[in-house]
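K.L.:
Please arrange chain P on chain Z, whose structure you already have, making use of the hints.
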Amino acid sequence: MKPPGKLADTNRARLPEGGLIDRSRPINFTFDGKAMTGFAGDTLASALVANAVRLVGRSFKYHRPRGILTAGADEPNALVTLRTGARAEPNTPATTIPLFEGLAAQSQNRWPSLGFDIMAANQLFAPLFVAGFYYKTFMWPAKFWERLYEPAIRRAAGLGALSGLPDPDSYDRDHAFCDLLIIGGGASGIAAALAAARLGLRVIIATDDTMLGGALLSSTRDIADQPAPYWAAAAQRELAAFPNVTMLLRTSIFGIYDGQTYGGVERVSDHLPVPAAGMPRQRLWKIVAKRAIMATGAIERPMMFGNNDRPGVMMASAVSTYLNRYAAKPGARAVITTACDSGWACAADLVNRGIDVCAIVDTRPAAQNCAQQSPQFAPIRNSVRVFHHAAITTVRGRQVTGVTVRDESGQFHVLDCDLVAMSGGWNPAIGLASHLGGKPVWSAAIESFVMGCAPPGLVAAGAANGEFTTRAALASGHNAALAVGADLGFDSVLPAPPMASEELSGVGAAWSNPWSSGKTFVDFQHDVTADDIGLAVREGYRSIEHLKRYTTLGMATDQGRISQLHGHAMLADHTGRSIAEAGTIRARPPYHPVAIGVMAGHHRGEHFRPARLTPTHGWAQDRGAAFVDAGQWKRAQWFALPQDKGWQDTVIREVTATRTGVGICDISTLGKIDVQGPDAGQLLDRLYINTMSSLPINKARYGVMLREDGFVMDDGTVTRFADDHFFVTATTANAARVMQHIDFARQVLWPELDVQATSVTENWATFAVAGPHSRALLMLAFPHIDLSNAAMPYMGAGQYAWGTRPLRLYRLSFSGELAFEVSVPATHGLALWLHLMEAGNTYGVVPYGTEALGVMRIEKGHSAGNELNGQTTAADLGLGRMMSTRKDFIGRVMAARPGLVDPARPALVGLIPCHAAETIRAGAHLLPLNAAPVAANDQGYVTSAAYSPTLGHSIALALLAHGPNRHGEVVVVHDPVRGRDITATVTSPVFLDPAGERLRG
Amino acid sequence: MDDAVTLETQSGFGLATVMARKCATDADLAALPGIPFAAPGRCTGDTGLTTISIGPRAWLAFAASGESQFAADLANALAGKASVSDQSSGYVIFKISGAKARKLLQRGVPIDLHPAAFPQGSAATTVIAHIGVVLWQDDADDAFNLAVFRSYAASFEHWFRTVAASL
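Protein sequence lines correspond, in order, to chains Z and P.
Numbering follows our numbering, with no gaps: position 189 of the first sequence is 189.
Numbering follows our numbering, with no gaps: position 47 of the second sequence is 47.
Extracted from the complex, chain P is given alone in its bound form:
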């Protein structure tokens, strides 16, 4: 594998699908303390809580720790405002980093990853090698996070290894 790209698998994180309820306005959501809702195509937050836009008024909420409890706590905080489903086991989260991370990912995703088109803070729901991925880029080091449905992890890693070898 090329040293210029590394693949790390995260563990112990909390992850949840958050879908705003119709009865909650955008202003209602914005007023909730401590929960930044990312704009469409964006991600926002910190290791305590990052939200990743995955559709109209829908997000993945990510925390570096907490597992299923994270979703339970979030559901309480958003009670009546949004529907929350635990996904802490639903996805494997890969972190792909290194000088050639962007080049490698571009081999897989059919969207433009040029820094001008996909700058820090961007998020996309897309596909790599017929495998659905939620992709977000939230740090300055050209590291990308990818949420892949758990059952596809082995196939995804096969794609990664194959392409990394050809960089």
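In isolation and in its complexed conformation, chain Z is listed as follows:
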């Protein structure tokens, strides 16, 4: 970075006085590495203007040089990459960036430099880039598209690039509720806010800008006998003092959603080099508003003439803003081209600031020109050459050096200038109003579209409602707020709104220019020209929406807000319709580009979703456990010891130690539901395929639930603790779904049943204690409890105490070993775990993770998530005989559909590789021997596979057509993705202890 020169050098286009900038606070910044200086209160764009920078970017398709066109958020041209490194933010309108110390901005879409851009040669190939050029030019051959055309186009066309680095900043969200949301901080917004605040409404006023005022900040007129910016500042101070007013500065309302919900983005730290400690860069606001006033103002339209995109061509209102608000001179000698009085207002501002106005080129005949008659503009008429009923044909120079004007008589005049200020009338900024589908309607009175069917609770006020003068806008906002107040029951008498001095309205339009010579842009950001519209029409396009997609008119980041209406008007003209008949597009959210990061908020990386931690999480972490995500839960996958050579070693060790001694596993993640009430048993009978109401107290029973469609939803156990108290478990994955299912059944299906249900998953820490020494361990841990087979048989349960704490024991086994599940309130879970580990020392107890748990359940042939996959029936899983024939239950009828009882359905089997050294992998498909590996021969697939430490070879569970009748048969395990085919023998899915002697021991 070069050191900045003297202030005078770098601000050579700065007016000596005026503006809302603080000249005592210079701010250093760089643009494309060049050091410059601006002042507090500048935007990047105004500082560039003050530094006489005119070339700011290159256009999307033709790489034409572009300057600054506007002074607001709808800027199509002056897009820069803000900041560097990880904080680089591409496609940021320079007009929206408050200047900050050290700001670094880079121009975009140019190589090697902004001044000399090789891709500008694209202009020479302009005939290739006409409307629909993607479709026409690169149609054939198809394979060239992916390899050649698309990469080439992507290099040539486009805007800024992302840094590719992780965003170092954070994003926050907030929620707000109000009686009245005011969108926009201009004249009508302020008037509405003052009135609503005085009525006592809860008010939120949101503005993109750093302060309230909107167009008033650029205005030279008086309100209530003081300069408009002063009045706005006083109003801001007054509003800030109201406790019922929330002022959201630097906040864009980007969308309207159902339920009178509004989305906003507050740029909390975008005006700072780096956010302050703890502060987010941006904050997403969800605002629920009973009523809203859309006081979004209006957007000035450009004029159509050749090379109307050249640096030095600027909107008239933007010229006035740079002069009046920022004291920055966009040029030294100006030509105004206009279709309305707004061009004249700009001319007056230029003259007042001592800038030479060479001519006003007005499309209106003198007789129809209000400005021509108005005494307000008498001094202009006397000092400036006026062309009536005339047009600029073309701009001269790569940057403006002059214009050619065609006068009323057909004579051409060449005028030297370095600035063209244009005003083609105004469009109310009504994009938000279309977000719920409302179609804009044409207003002949203002020659533009206004809001049609409004979103619920929303009204437009001020310029957004076509009331363009300051005086009308103030009254409009004030009256809109009064109406909202009356509607919501806030009635009181308020003083009349403040008066602004008289002005002309700014209505007028010139949709096309038959004398235009050279490229005439109707979409500056997407490089769509008047010729493209004509071509699209010649090719048969009549619908606005089709025109939009074919030409990409209005599809850039600015959504074509500046000029796409010209395109629509041209379409109407070419097709012999009125603009009202041809219509305009309906805008969709977001109104301005919104970063994905602000939508994500805090939910990034490891915090993408909340994590659920088990009672032993910290202990497992200390032991170096590996964790696996089971939904939101973090579960210990295995507990590696230093001597283990790899995870497989660890799992083999954990399984072997459990099967030969004792192991403990935290299974607190299982869903647990208390089902209580006199009809609890009856409800459970309707939920499970088997009968639960007959369950004795202190007994547990395995159960299966079906969905309505007859497929298995989940399995688990039901334990009865009292006549009217059952305790249901569900798999970790389906816990929430089963809870919903039970609530739906009791609240919607059978509200007459007196039964209550609530999740107690989180209340109980539960540990599986499994292995031949499990009983001995528990007897040592709880010497006061009788755990003999007689007192606590297989599938028995009981409630006890452990000191002052309740303790529950269940004799359940997932591993196939003698096993118990032990529960205490989760607060005491870690204490219980430590107690069990200590008691288990004598027996060489190991903690085991979900991987060993999985291996043991596969060895035992238990179905789990891989088999309960939503596509299996109870019969598929070998559980068909559990289905009671003496009662009704959810899914019973649909489970009897022919397709679901087809004996050819793939059903659960075990697989053992014919060669013990070979490995079966889950996901592999099963084929008959010697069958071709085609889909027609597919007979099923492997659902779960593991190396069985107990058997010493690979085993698997699979779903195989006619499986239960094919035990002993050899099939091909076809795994084309990961390995060669192997053969395997079909077996019973129960590889271990089929008689169940271990678990009953």
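Check the hints yourself; a few may be wrong.
What the hints assert, rightly or not - Selected chain Z positions facing chain P (in silico; Cβ < 7 Å):
{"#": "1", "residue": "D174"}
{"#": "2", "residue": "P280"}
{"#": "3", "residue": "T758"}
{"#": "4", "residue": "N763"}
What the hints assert, rightly or not - Using 30 Å as the maximum straight-line C-alpha spacing, the simulated DSBU-like pairs for lysine-lysine come out as follows:
{"#": "5", "chain 1": "P", "residue 1": "K95", "chain 2": "Z", "residue 2": "K286"}
{"#": "6", "chain 1": "Z", "residue 1": "K290", "chain 2": "Z", "residue 2": "K439"}
{"#": "7", "chain 1": "P", "residue 1": "K81", "chain 2": "Z", "residue 2": "K286"}
{"#": "8", "chain 1": "Z", "residue 1": "K286", "chain 2": "P", "residue 2": "K22"}
{"#": "9", "chain 1": "P", "residue 1": "K81", "chain 2": "P", "residue 2": "K22"}
{"#": "10", "chain 1": "P", "residue 1": "K100", "chain 2": "Z", "residue 2": "K290"}
{"#": "11", "chain 1": "Z", "residue 1": "K286", "chain 2": "Z", "residue 2": "K439"}
If you're looking for bench data, these hints aren't it; they were derived computationally from the structure.
Every residue gets a Cβ at the ideal spot worked out from N, C-alpha and C, and that includes glycine.
P.N.:
Frame of chain Z; chain P shown alone:
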């Protein structure tokens, strides 16, 4: 962390889900001595027993002490009238207090916490950062109680610390 907000974690409390049985009328419940059942969207009671509405004829019952015994005693007192499930370990209860407590919470909850909309004695079952919370405000000092499922406590505290730093 901003001094204007503090987060305390409560311990040793008793907590239970209470769901009225169909056979018990509202009048039956109202007649039970010493157990005030909060109206929908409300909480009521004192440190001995507070009930927090969490749904139609459903409450969380809270006592500052008692752990699991509280639910056992409550189940006896409500036998035949309501189903009671111990939740003394099911939730972590946070108390968020301080001048900016309401502002901080509003960043998280999608319901209106304005004092006029959520005055003292209000309760809501809502969500913060994708984590379900039962929220109630039962004292005059703008302190809020939040019951969060135990397993989410660490994630909830992360949200709290992040937002508190940005107040």
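K.L.:
Work down the list of hints and note, for each, if the structure agrees.
P.N.:
For each hint, the structure was consulted:
The restraint placing Z:D174 at the interface with chain P holds, with a minimum CB-CB distance near 5 Å, inside the 7 Å limit. Against a cut-off of 7 Å between C-beta atoms, the interface hint on Z:P280 holds, since the closest Cβ of chain P lies about 6 Å away. Annotation: Z:T758 was flagged as interfacial toward chain P, and the flag holds, the nearest CB pair being 4 Å apart, inside 7 Å. Of the supplied interface hints, the one on Z:N763 holds, with its beta-carbon coming within about 4 Å of a beta-carbon of chain P, less than 7 Å.
Straight-line distance between C-alpha atoms of P:K95 and Z:K286 comes to about 25 Å, which keeps the hinted pair within the 30 Å bound. Between the alpha carbons of Z:K290 and Z:K439 the distance comes to roughly 22 Å, so the proposed pair stays at or under 30 Å and holds. Straight-line distance between C-alpha atoms of P:K81 and Z:K286 comes to about 42 Å, which puts the hinted pair past the 30 Å bound. For the proposed pair Z:K286 and P:K22, the alpha carbon gap of about 39 Å is over 30 Å, so the pair is violated.
Taking the CA atoms of P:K81 and P:K22, the gap is near 8 Å; set against the 30 Å cutoff, the hint holds. For the proposed pair P:K100 and Z:K290, the alpha carbon gap of about 25 Å is at most 30 Å, so the pair holds. At most 30 Å may separate the alpha-carbon atoms for a hinted pair to count; Z:K286 and Z:K439 meet this at roughly 24 Å.
The structure fails to meet hints 7 and 8 from the earlier list, while all remaining hints are met.
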